[in-house]
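Q: So the chains spell out like this:
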Amino acid sequence: MPRLRAWFSRLVGLFSKNRYNAEMAEEMRQHVDLLTERKIADGMSPTDARNAALREFGGVEQIKEAAREQRIWRWADEFVQDVRFGARMLWRSPGFSILAILCLTLGIGTSAAVMSWIEGILIRPYPLVAHQDRMVALFGTKQGTTEKEGLSYPDFRDLQKNSTLFESFIVDRIMGTTLSIGDRAERASGGIVSANYFDVLGVRPMLGRGFRPEEGEGRNAHPVTVISYLTWRDRYKGDPDIVGKTQFLNGVQHTIIGVTPEKFHGTFIGYSFNFWVPTSMQETFDSTGYKLEDRGARWIEGYAFLKPGVTRQQAQAELNTIAQRLENDFPETNRGHRFEILPLSKTPFNAVANLSSTLGITAAVAFFVLLIACANVSNLLLARSLLRRHEMTMRLALGAGRRRLIKQLFTEGLLLSLIAAAGGIVVAYWCRNALVLVAPARTPGITIDYPGHLDWRVLALSVVVCIGSTMLFALVPAIQASHVDLSGALKSEGSGMIGGSGRSRLRSVLVFVQVALSFVLIAGTGLVLRSLVRMQNADPGFSTRSVVVSSVDLFSAGYKPDRAKIFYEQLLERIRALPGVQSATLARLRPFSYGVYSSAPLEIEGYQPPRNEQLAGDYNEVGEGYFATIGIPIVTGREFARTDDENAPPVAVVNEMMATKYWPGKEPVGQRLKVKDKWMEVVGVAKNANYRTKLEQSTPFFYVPVRQNFFVQDNIIIRTEQSAAAISNALAREVHALDANLAPLDAISLQEQVDVMSYTQRLAVALLAIFGGMALFLAAIGLYAVMSYLVSQSTRELGMRVALGAGARDILQLVLSRGLRLTIAGIAIGGITALLLTRLMGNLLYKVSPRDPIAFGLALIILLAVALLACFLPARRATRVDPVQALRV
Amino acid sequence: MAKEKPDLVYGTLDMLILKALQHDARHGLAIADRIQQMSKDILRVEQGSLYPALYRLEAQGWIKAEWGLSDNNRKARYYKLTAAGRKQLASEQEHWSRITKGIDLVLSGA
Numbered sequence: 008m009p010r011l012r013a014w015f016s017r018l019v020g021l022f023s024k025n026r027y028n029a030e031m032a033e034e035m036r037q038h039v040d041l042l043t044e045r046k047i048a049d050g051m052s053p054t055d056a057r058n059a060a061l062r063e064f065g066g067v068e069q070i071k072e073a074a075r076e077q078r079i080w081r082w083a084d085e086f087v088q089d090v091r092f093g094a095r096m097l098w099r100s101p102g103f104s105i106l107a108i109l110c111l112t113l114g115i116g117t118s119a120a121v122m123s124w125i126e127g128i129l130i131r132p133y134p135l136v137a138h139q140d141r142m143v144a145l146f147g148t149k150q151g152t153t154e155k156e157g158l159s160y161p162d163f164r165d166l167q168k169n170s171t172l173f174e175s176f177i178v179d180r181i182m183g184t185t186l187s188i189g190d191r192a193e194r195a196s197g198g199i200v201s202a203n204y205f206d207v208l209g210v211r212p213m214l215g216r217g218f219r220p221e222e223g224e225g226r227n228a229h230p231v232t233v234i235s236y237l238t239w240r241d242r243y244k245g246d247p248d249i250v251g252k253t254q255f256l257n258g259v260q261h262t263i264i265g266v267t268p269e270k271f272h273g274t275f276i277g278y279s280f281n282f283w284v285p286t287s288m289q290e291t292f293d294s295t296g297y298k299l300e301d302r303g304a305r306w307i308e309g310y311a312f313l314k315p316g317v318t319r320q321q322a323q324a325e326l327n328t329i330a331q332r333l334e335n336d337f338p339e340t341n342r343g344h345r346f347e348i349l350p351l352s353k354t355p356f357n358a359v360a361n362l363s364s365t366l367g368i369t370a371a372v373a374f375f376v377l378l379i380a381c382a383n384v385s386n387l388l389l390a391r392s393l394l395r396r397h398e399m400t401m402r403l404a405l406g407a408g409r410r411r412l413i414k415q416l417f418t419e420g421l422l423l424s425l426i427a428a429a430g431g432i433v434v435a436y437w438c439r440n441a442l443v444l445v446a447p448a449r450t451p452g453i454t455i456d457y458p459g460h461l462d463w464r465v466l467a468l469s470v471v472v473c474i475g476s477t478m479l480f481a482l483v484p485a486i487q488a489s490h491v492d493l494s495g496a497l498k499s500e501g502s503g504m505i506g507g508s509g510r511s512r513l514r515s516v517l518v519f520v521q522v523a524l525s526f527v528l529i530a531g532t533g534l535v536l537r538s539l540v541r542m543q544n545a546d547p548g549f550s551t552r553s554v555v556v557s558s559v560d561l562f563s564a565g566y567k568p569d570r571a572k573i574f575y576e577q578l579l580e581r582i583r584a585l586p587g588v589q590s591a592t593l594a595r596l597r598p599f600s601y602g603v604y605s606s607a608p609l610e611i612e613g614y615q616p617p618r619n620e621q622l623a624g625d626y627n628e629v630g631e632g633y634f635a636t637i638g639i640p641i642v643t644g645r646e647f648a649r650t651d652d653e654n655a656p657p658v659a660v661v662n663e664m665m666a667t668k669y670w671p672g673k674e675p676v677g678q679r680l681k682v683k684d685k686w687m688e689v690v691g692v693a694k695n696a697n698y699r700t701k702l703e704q705s706t707p708f709f710y711v712p713v714r715q716n717f718f719v720q721d722n723i724i725i726r727t728e729q730s731a732a733a734i735s736n737a738l739a740r741e742v743h744a745l746d747a748n749l750a751p752l753d754a755i756s757l758q759e760q761v762d763v764m765s766y767t768q769r770l771a772v773a774l775l776a777i778f779g780g781m782a783l784f785l786a787a788i789g790l791y792a793v794m795s796y797l798v799s800q801s802t803r804e805l806g807m808r809v810a811l812g813a814g815a816r817d818i819l820q821l822v823l824s825r826g827l828r829l830t831i832a833g834i835a836i837g838g839i840t841a842l843l844l845t846r847l848m849g850n851l852l853y854k855v856s857p858r859d860p861i862a863f864g865l866a867l868i869i870l871l872a873v874a875l876l877a878c879f880l881p882a883r884r885a886t887r888v889d890p891v892q893a894l895r896v
Numbered sequence: 002m003a004k005e006k007p008d009l010v011y012g013t014l015d016m017l018i019l020k021a022l023q024h025d026a027r028h029g030l031a032i033a034d035r036i037q038q039m040s041k042d043i044l045r046v047e048q049g050s051l052y053p054a055l056y057r058l059e060a061q062g063w064i065k066a067e068w069g070l071s072d073n074n075r076k077a078r079y080y081k082l083t084a085a086g087r088k089q090l091a092s093e094q095e096h097w098s099r100i101t102k103g104i105d106l107v108l109s110g111a
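For the protein sequence lines, the chains are A and B, in the order given. Numbered continuously in the numbering used here, the first sequence closes out at residue 896. Numbered continuously in the numbering used here, the second sequence closes out at residue 111.
Some hints could be false.
To be verified - In silico DSSO-like links for lysine-lysine, alpha-carbon gap of 27 angstroms or less:
id: 1; chain 1: A; residue 1: K683; chain 2: A; residue 2: K673
id: 2; chain 1: A; residue 1: K71; chain 2: B; residue 2: K81
id: 3; chain 1: A; residue 1: K71; chain 2: B; residue 2: K20
As the list claims (entries may be wrong) - Not close to chain B: a few residues of chain A, all C-beta gaps over 10 angstroms, as computed:
id: 4; residue: G102
id: 5; residue: N327
id: 6; residue: Q577
id: 7; residue: L843
Because the hints were derived from the structure by calculation, they are not lab data. For clarity, every value in this text was computed on a predicted model and none was experimentally measured. Backbone N, C-alpha and C fix where the C-beta goes; we use that ideal spot for every residue, glycine too.
Build out the structure end to end from the sequences listed, making use of the hints.
A: In structure tokens form, the structure reads like this:
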């Protein structure tokens, strides 16, 4: 108890400092009084006695200060004092404080936001899913290739049965269907998932239930579906009695058995799913047939949870053993096939692969911005600490310890960074889902979901970054300040020299670093921007302007091939009759889509493949007039005609690349190739084009007539001068007229389709432009602060020069040249750093060298211009120095 | 930190104060007087170090201060030993005698 009371009284003492001080003063006064009395008793006169007693006692204030320092709570006491004082100082110079806090808030906010993106997309991509640290992506590999493949359903069951190191496995296959709403169809994305999906993920439906174990199997036996929160809210208007109602999906009536919680979007990073069905319903949603019992059909993506404490290596070893056993048991389907696991951030099947390099660069860039912000605030603090040198010197002279001064400056820095950290976290909170805003990929009907995740780890990391940066920027000026030379500093201010002093070297280094980092960022932004422009301007090999694409989901509507053929025939006729339409045709896949082209083993007549290499090729099934419609020129021969139908001999059109590869020096037209056991005659050669992205290498590619290779699900390609929106309306009318139950997807121009596929570059440009702009702004402030400071420090020298006859021009030149020297040195270092770093951006660049002189030159010009501006204002101020004022001490 | 007078070995002032308070509670001046008297005027406590030492000891919980009246009816802050202070005094005394014995041996050695 007494201890506690003592502790308490000390704590109280901390806050009732005045009483404490009064007591101390009282005690010392009594002491002096006693001494005086004693001396009077010894026979001294009262005045002499008092003086003698005071002399003997010594400096009352020093003793008080020394006594105060003995208290255990001194540090806390001083801290409170420092915080109060610091807050007062910050309050007294609001311009400085706001600027410093703004800089830091930007720096901390951006890095926390980027960390939240990385956390949310790469590390813990699935909100609500438990134990993501033990979750891995599971997929198949084939020996001799680097390609990743899916799993087959029987293999998945065997993995579940035979593994001991895994807690559980799930499988998930992305698929789409069309939900008709009014006269417009909307694409809905869904997942075919194993029955244990929701249980293993630990996602409890908000309404209803998840799948039962028995619902995973039995061919088309369990037409049940779990819908997402967003689908429930938007499409079913939040109907509280939704469970038990039915919905037609791909022509089969499904019972809605559950609604997922709001934050669960499925396990395909980057997309938000609308509904899930169990694996038993696979055939209904997959136009390529029933696969549940086919060990050779590797169609589904897997995830696994490791048991606690199991490493990925151990788990991989067990998978290898199981794969070997399966290979022995089922040689015809499993020879050479293996399983592999990877961390979620390397999931091969979704947007992560595209995003991770962009996010990596973004993280580096955000770190740069933070560094620049820290350098800036350090600069500001330094400038201020030098302005406050008089105050510091005075305090040192009055007996303050150097450590005490450092601590005080440090506290001020901490105060700044705490305010900024709070601001930064708010910024990060606002920006946590902002990636979607700058991500331009908006495929109609598909919800893009880039979740940011602002959990305690992100916050902790932000705080560490914040404290680290405080150390970085507050300590340096503090240490400098404590080296003040008392006598020198008290004498006069403003006696510095433009150009050379040890003290300004550090500040110069800071500016130098800022300029260098900004240069790297601006050059990087320039590179990405230039490659985006190049990409935009690059000819994909087909016309993007006056071509519009759309489709009608006949597969989901349950059309069989015969009916579909008639439907397409009639629809195309109607479209061709529309005003402003020049031509219209079909293609199984539109270019630059997410779809996968048909691929088949090839045999080429008269071509001997080197070293029993298996020839294979990608192709597209297209309608008559396809090349004219989409604008791919035919080099020799002819394109497909209406007459190339089921009754005519099979034909193909190859691209130039394929022609020169297989028939070098020969006339390709008239040659024959065998695709899937069917011999076809080459009737034409088309110019090379891009098929998937503008980044791809040119590859051999060919086309076959859709009439000879029919698919129910096709795209409609229309050449027209009309806008996509106008075509959309007309198309909806025509489709509706043919079948009132059908609706087309929104028609978009091919340009839009192409833009969607370049979204990683656009994202990188957007992010780099934002961050580069911020860096430039911060660097400009830094440069301005330094130059202002230098000028204010050297008024004496400048005054002297003016007195000796220097004109305004000379002064301007002097100050500007000093600023530009710093800038140029920074640019030089920045240039070298950029040359080393931009090489890492290789996969974001399109036909732009990482050392592109234009991007570098542009960065140089921008930085020089900004530096000139930042130096000009202080320089002009310097020309107005009044020599009489400046030279007066 | 407080500067020690050269006639006091560094760190011994605390011990001397504790010793001076061993039997009676005293105020600051009386503590200085007592040390001077006990040392037969060899040791003189500088006021400049006395108070910091007192505050230090108080913060450690070895002595306790309260306001009282001095012999001539003056208000004064009286310090007295706490139980912890007594223990501390004993251990410091023990430590001190060991050290001085050692130093004696060294100095008197051949």
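Q: Can you name, in rising order, the numbers of the hints this structure does not satisfy?
A: Structure breaks no hint.
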